[in-house]
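Peer 1: Chain by chain, the residues run as shown.
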Amino acid sequence: MRPFEFTRAESAADAMRLAGDGATIIAGGTNLLDLMKLEVMAPQALVDINRLDLGDIDEAEGGGLRIGALVRNSDLAADRRVRDAYPMLAEALLAGASGQLRNKATTGGNLLQRTRCYYYYDTAMPCNKREPGSGCQAIGGITRLHALFGASEHCIATHPSDMAVALRALDARVEIQSQDGVTRMLPLGDFYRLPGDTPHIETVLVPGDLITAVLLPAPAGARQTYRKVRDRASYAFALVSVAGVLDVEDGRIVRPALAFGGVGHMPWRNPEVEALLEGEAPSVDLFAEAAARLVAEAEPQGGNAFKIPLLRRTLQAVLRELTEA
Amino acid sequence: MRTDLTVNGQSRTIEADPRTTLLDALRHHLKLTGTKKGCDHGQCGACTVIAGGRRINSCLSLACMHDGDEVVTIEGLGTPETLSALQEAFVRHDGFQCGFCTPGQICSATAMLEELQAGWPSHVTADVASAPALTVEEVSERMSGNLCRCSAYPNIVDAIMEIAGRGRA
Numbered sequence: 001m002r003p004f005e006f007t008r009a010e011s012a013a014d015a016m017r018l019a020g021d022g023a024t025i026i027a028g029g030t031n032l033l034d035l036m037k038l039e040v041m042a043p044q045a046l047v048d049i050n051r052l053d054l055g056d057i058d059e060a061e062g063g064g065l066r067i068g069a070l071v072r073n074s075d076l077a078a079d080r081r082v083r084d085a086y087p088m089l090a091e092a093l094l095a096g097a098s099g100q101l102r103n104k105a106t107t108g109g110n111l112l113q114r115t116r117c118y119y120y121y122d123t124a125m126p127c128n129k130r131e132p133g134s135g136c137q138a139i140g141g142i143t144r145l146h147a148l149f150g151a152s153e154h155c156i157a158t159h160p161s162d163m164a165v166a167l168r169a170l171d172a173r174v175e176i177q178s179q180d181g182v183t184r185m186l187p188l189g190d191f192y193r194l195p196g197d198t199p200h201i202e203t204v205l206v207p208g209d210l211i212t213a214v215l216l217p218a219p220a221g222a223r224q225t226y227r228k229v230r231d232r233a234s235y236a237f238a239l240v241s242v243a244g245v246l247d248v249e250d251g252r253i254v255r256p257a258l259a260f261g262g263v264g265h266m267p268w269r270n271p272e273v274e275a276l277l278e279g280e281a282p283s284v285d286l287f288a289e290a291a292a293r294l295v296a297e298a299e300p301q302g303g304n305a306f307k308i309p310l311l312r313r314t315l316q317a318v319l320r321e322l323t324e325a
Numbered sequence: 001m002r003t004d005l006t007v008n009g010q011s012r013t014i015e016a017d018p019r020t021t022l023l024d025a026l027r028h029h030l031k032l033t034g035t036k037k038g039c040d041h042g043q044c045g046a047c048t049v050i051a052g053g054r055r056i057n058s059c060l061s062l063a064c065m066h067d068g069d070e071v072v073t074i075e076g077l078g079t080p081e082t083l084s085a086l087q088e089a090f091v092r093h094d095g096f097q098c099g100f101c102t103p104g105q106i107c108s109a110t111a112m113l114e115e116l117q118a119g120w121p122s123h124v125t126a127d128v129a130s131a132p133a134l135t136v137e138e139v140s141e142r143m144s145g146n147l148c149r150c151s152a153y154p155n156i157v158d159a160i161m162e163i164a165g166r167g168r169a
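These protein sequence lines map, in sequence, to chains A and B. Position 251 of the first sequence, counted from 1, bears residue number 251 in our numbering, the numbering being contiguous throughout. Position 168 of the second sequence, counted from 1, bears residue number 168 in our numbering, the numbering being contiguous throughout.
Errors might be hidden in some of the hints.
Using 16 Å as the maximum straight-line C-alpha spacing, the simulated EDC-like pairs for lysine to aspartate or glutamate come out as follows [said to hold, decoys possible]:
no.: 1; chain 1: A; residue 1: Lys37; chain 2: B; residue 2: Asp40
no.: 2; chain 1: A; residue 1: Lys37; chain 2: A; residue 2: Glu153
no.: 3; chain 1: A; residue 1: Lys37; chain 2: B; residue 2: Glu70
no.: 4; chain 1: B; residue 1: Lys31; chain 2: B; residue 2: Glu75
no.: 5; chain 1: B; residue 1: Lys31; chain 2: B; residue 2: Glu15
Hints are computed from structural coordinates only; laboratory data are not their basis.
Isolated chain A (complex conformation) (with noise of 0.2 Å):
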């Protein structure tokens, strides 16, 4: 690990300070940490948020819930509101990592984990993610775990957190601080990019920013659920994974929203896909049309094309389940 400066913030304002000065931000540090070893990343200075005042969970107004940037992800998972009303975010949080790395890993930090892209990791191979312009060679290598959506011809990788994926199904939004005082809520969409010629800029955070809540609508529907389909049954990341929340309602399903992970440089959505189910009565037929719908647009980048089938049965599987009486 290459040496660095480290301060415990006392503040919001001093995190936002030194961040906007150069540091980086530590608060869970399971993600960091493991690549600071690998000097995948050498940042110059930490700033530790830890003993911030973000780690609760409140009732927000309009009946959701504002989640503290530093609420811990088991904490999260067993928690009582969640338990109840998002099932599917806490079955994504407990379909991550292992008891010891939930217990450290924080709301904020989950959702700007870096990609597992072997590439990435390997610092003998260029990555234009961890070295900007030095090329991709996961493009024409071994691309198991690569994406199907929204690459480019700069960057293939994956997002690899669960929880995002969920949160992008509840329609949660990322509550962030900047250091003029500004706060601004975004939804994920908004969020994260895709790699483009920039691949190293994954969010549209700047330099000085914190994120300090996620914040929770209302939760839209009853019946959620989050599968993930991984190469082994614990303590694995997703080969591909479907996190769904829909109700249904005279024999119809109404207010679809369906998220996918493991498939892109963020986590997934298709409006299409949920237009095409509104309305409609639950059928094996719809949920195969919807499937395809879905990986009509898939780019396969070679050892990835298995994913499309189990992206297209894992879809029709979460709709038989969401919609069974």
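Dock chain B against the given chain A, drawing on the hints supplied.
Peer 2: Showing chain B alone in chain A's frame:
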């Protein structure tokens, strides 16, 4: 950089580079070598300790981030003369072969049983809104962050199940 910790009930102070992980602080600075370094990347669980009442991977945490915290290591759970209930159960059920992962397994299991008792759900809990049951599947899932290369898993689970059934670690 100075860090004050309470380790196994005793006040300890270390002076170390900020890069020092909690794991290295325990092993090298405080000579508490019961906690093991396996992968050093949060994948194997050999370094599991209990910090602030929670099980964590001590390899993925900087010592300086734990200033003022209470840390419990395997040395704080029992001694060769007075084993903790879980330690004693691991011996009786032959819950190890080489023993390298065992301190991490026991620290992890000790805190895991408290999580179970607090009603935390897991990935295998059928309905996350309901209280989890004490089953082999629940224990295995909750211990998936602790690897055992000798594959003593069936006996590790037996040892934990016995103590969980008694209601205290």
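Peer 1: All hints are to be evaluated individually against the structure, with a verdict given for each.
Peer 2: Evaluation of the provided hints:
no. : hint               : result
1   : A:Lys37 / B:Asp40  : holds (9 Å)
2   : A:Lys37 / A:Glu153 : violated (29 Å)
3   : A:Lys37 / B:Glu70  : violated (25 Å)
4   : B:Lys31 / B:Glu75  : holds (11 Å)
5   : B:Lys31 / B:Glu15  : holds (14 Å)
When each numbered hint is compared with the structure, violations occur for hints 2 and 3.
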